[in-house]
Amino acid sequence: MSGESTVTIGLLLPDVLGTYSDAGNATILAQRLRWRGIPAEIRTITACDVPVTTCAVYLLGGGEDTAQQFAADWLRRHDQLRRALETSAVTLAVCAGLQILGRSMSDASGHHYPGLDLLDITTAPGRQRAVGEVIATCTVPGIGSLTGFENHRGVTTLGPGTAPLGRVITGTGNGTGEGTTRYRTEGVFTDRIIGTYLHGPVLARNPALADHILHKVTGQVMPALDLPDQAALRHTYLSHTYLGRNYLGRNYLGHTYLQGRFSRCS
Amino acid sequence: MVVRTPGVSPAATSPPGQRRWGWWTRAAVRAGLITAGLSRRLGLGAGSIIGGRVTLALDAHALRRLAAGRRVVLVSGTNGKTTTSHLVAAAVRTVGPVAHNSGGSNMADGAVAALAEARDAEYAVIEVDELHLAAVAEAVDPMVVVLLNLTRDQLDRATEVGAIASAVGHALARHPRTVVVANADDPMVVSAAKLATRSVWVAAGSSWLGDASSCPRCGHTLTFTESGWECVCGLARPTPDWRIENGKACTSNMVLPLDIRLPGQVNRSNAAMALAAACAVGVAADQAASALREVDVVAGRYAVVHRGAQNLRMLLAKNPAGWAGMLSMLGESRPLLVIINAREADGRDTSWLWDVPFEQLTSRQVVASGERAADLGVRLSYAGLEHQTVADPLAALAALPAGEIDVVANYTAFHHFRRRLLGGSRLSREREVAR
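Going down the list, the protein sequences come from chains Y and L. The numbering of the first sequence is my numbering, which starts it at 1 and goes up by one. The numbering of the second sequence is my numbering, which starts it at 1 and goes up by one.
Rather than coming from a laboratory, the hints here were simulated on the basis of the structure. Check before you lean on any hint, since a few could be wrong.
One-sided and incomplete, this derived list gives chain Y residues near chain L with beta-carbon spacing under 8 Å [to be verified]:
id, residue
1, Asp15
2, Gln69
3, Pro228
Only a predicted model underlies this, so the values are computations on that prediction, with no experimental measurement involved. All C-beta atoms, glycine included, are put in the ideal place defined by N, C-alpha and C.
If we strip away everything but chain L, and leave its shape as in the complex, we get (with noise of 0.2 Å):
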């Protein structure tokens, strides 16, 4: 059964197959891959950042020739972009080779990386900064772009969320082949999406709309209503064309079983996008949907990690909304680690650990960490939580108790920890397979 995207078909590409880049191309692209496997095997890192800036400082034009001729799925915006992008690609997968940026490492430079590597693949599920999408579209003419949502992470680095929707809308609008689809509860999404030509509308739903209360077109304050929100500026929730509904993705046409094995409401919603995405490349919608129940870690979160006799569950979330999807996951009364860095990948200002509502954690052992564990700590008193402060993690775990533990950390801690949890990066890929 060939089952299309209702309200639109998928798009048609220029056949995929040959890739024949100039002489220079190749060599930028051997050069970023030496460097990579050298950073690699001096344990530096996964290698494809530096392999793609090598790549990129040789040949400015690298991602436009390196993505030419294939089938190019971007997963974009605030959270989620990597579980989605792995949903995606493995979706995808059951139709063709893959290039994915699996690392997570979603600027040009990982684009390209993720390219080179896999330069016969016919399709790319490449995960894109918000911030980048832009840039990173133009270069690739993507034939699906996923917007999941828009809302504040790491404003220092960034902007304000509205510039960025409205970058996002006007990139999108250069683009009239790609189908976008996109998240018809989230507003910010909507003005940026409402500009494509092509669009699949997902009620993926919002968890948190700490930015989006107002509108992001006029400022007025939206009205929520039972079947979505408006503005008295005439921009609406969209009428979806998927929908969740108890626990199965459904379209007008067909009801599909979305039982993930990623934990959350939110990873069904990232499920339900991914399965939109996958059929608007011409994935079949059943094979798509099967194929969504393989994942089960992504770019090491939801590993369970063994250490002595506690079993170490690593979670990820940098940002109010991340957080308010990942409350329900955590078990409840389990002890819980917590760890904070304020780096610049992270966003130097910690002020969004105020609107993370650490006040429903209780009845539970906590422990504040990280290189930013005394603002975090703060924020726990503040909230009538009880706990310990170590700002060294593997310290911090000699605190707590043999069992299950919930470790949630941000971007970097969770990066760093992690990698010395695990110790070097060969041995880590070995244990998460043997896990």
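This is chain Y alone, in the form it adopts within the complex (with noise of 0.2 Å):
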């Protein structure tokens, strides 16, 4: 991709699944390419709509059940948006998002229904929704310490041979070991495709992941870029006087469980 043409960013559903402020990704990686001098689209791609599928990178978002049924069955009968999913694009799915391109979900109920079958993971309700703050080492060369708020009762389970995004040092993440290994693991690291159960969004917590991205898309190096209040974000969240002080004691050592009523979301 030459240095002149415009990246375009296809933000999908953001009417469907946009309960958890997600779409702040496609602001993010826009505005980052806009900096260094490369020019970049955000095309909002809504349930009305015939996707566009020749976008560069394709962000999906958090959001509840019935949205997230509704969602899966959208994405299923545009194919050809999946192929691209497949076979051109890099995506970022969070949350709902990532469980979707698996191979199925289930509800609370105990109901099956199938995914986009482009991830190895399968995902089933857990006993209780984790909520709280995350810490994740990433398993990406270069990228450091994942920071990013989880909300789900979601518990997704690799298949072999696919690898985790990161290792959780605080929280709960996939809330799945790692194969035969005794770590936790969050989210879901392929050629393709990213996913992660943290928001924030996430690439306002963790602007090297967002370069990441932008590398993989415009295979140009992405200079340093020197934003006011990116470091102090980043120590409020991964400094352990955060942890520490202010939350030890009130079990929000970066989890918090609610349980009861209200907890039947994906």
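Got two chains here, each in a separate frame; can you build the complex from them with the hints?
As structure tokens, then:
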């Protein structure tokens, strides 16, 4: 891809999977390109649109149970788009978006429904909802610590040969171990798809992950950006002071569990 | 002129008057009031939460007993509860004394404290957190429930919006005598209020549909038309009993002015909801409408605080829907201080900042502040806004010029900053009155 051509970022179904403000990831990718002199365009693709299939990046966000099932149906109906996610584009999928790209999901009532089968993962509801801060070590070299806020009930099992995006230090993440190892895993990392449970949005908290995606899409080296407040933000969430001083003893060391009446969500 | 609410007649209620509580309830109320007074005297706050908690700890049925025999209006929803409850209370006060949790403590403890403090009030107007609506409605058997809107707020604490709407709907279904005054333009509200037996629909508008463009019942995308919205599953905007036209509240047989003092289209909608609620209680419509005009400050919001050469207009917005309504209230090119915290009452997750169109705030000086100033600062940078970041809001004032300044804070940030500005709870009350 030449430096002159516009990078198109496809924001998929923000009207359906817009519950957790993950659309911010599109703004972040576009701005980080523009600040480096690379033209960028966000294409918002709602459920009413015929999806463009030529975007360099596609983004999927989190949403509620009914919305997730609708989004999965919608994506399965658009086979060309599915093929683009499989063969030509780079995709960042968060929470419900991550689950949709897997083999199957099941809801609280035990009903199974199929995913897009682009990732070798399956998701089932856990006993408790995982809500709170997550810190993970990214498995992709050069990205370092990942920070984000998780809010889900899904427990995602990775198939053999599917790599996680990170190893959990605090929080829940996928809620499963990594193969036979004792690490708890966070998200999924493949050649074309990055999946994660982290909101924040994840790219606002982890600019190195954003630049990893942009490097992959443009083939260009992404020079460092000096963004005010970014270091302070990461310090807030990654420092031990934050976890220790403010939240210790309040069941807030990375994860709080909510139980009961309302936990029928994805 | 007594104009009855279109669609329904006011519900019959048990006669007001004698509130004979058992000795144990009286003791629990007394203990709560003493605790609240102590908390106030020590400058710890308004004392309604701790007082209500003491009463409830001593008598678990205190809320039911304190509400018995009164005509109760519950005001709930994600945004506008405090403002709307102040408007409803002002209107209902024209026909009798009102117990009102005016400080915004909107769980069962706050309701108990308000009822305990005004034990002889025949009416009660109680703001209720949407998550607690079912439990509070069960206890107080309300005459009217006002349901303003249901959007995303504090997802980490609460849950997803659809689950809240469903819980509220089932609570409303258990009270067939209650009149539900509901916003016909909010699909989440409609999906909940449809389960009620008696409803009054108000076309109060919806400034933000970020959570609601898919059907709350079936998940399909809603179709928006000129006359409203609908879904293939049959859920659709009900025909409104009240509409807002040219700044006036209209029903099929009357037109009432809504020339309120509170700013913004959002507050006009809140006023229309309040008017419909007051009518459902039996207040004459024109009498209610003129009472709404008297409300100017709501629990410190919209107040102007003078500090040195700066005049700070205090505004509260705590989620994307609140901000969507707020943007039109901000003075064009007036300097802006935004204060963001992420404590439990605010929601721990600051992701919501990314659904606020800060991009629109060009051509003014902006200072990011609060315990999550860095989160806000990063968001503002990506919105292309030059700004300064000063975590301490009092120190941030030094970065701003003399004259008019808009201050927008989320929940705990607003109250902490206000307390620090005014210094001490007793002083604050005096200054506000003298404003």
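Comparing the hints with the structure gives:
1. Asp15: holds, 4 Å
2. Gln69: holds, 6 Å
3. Pro228: holds, 6 Å
Hint compliance for this structure: no hint is broken.
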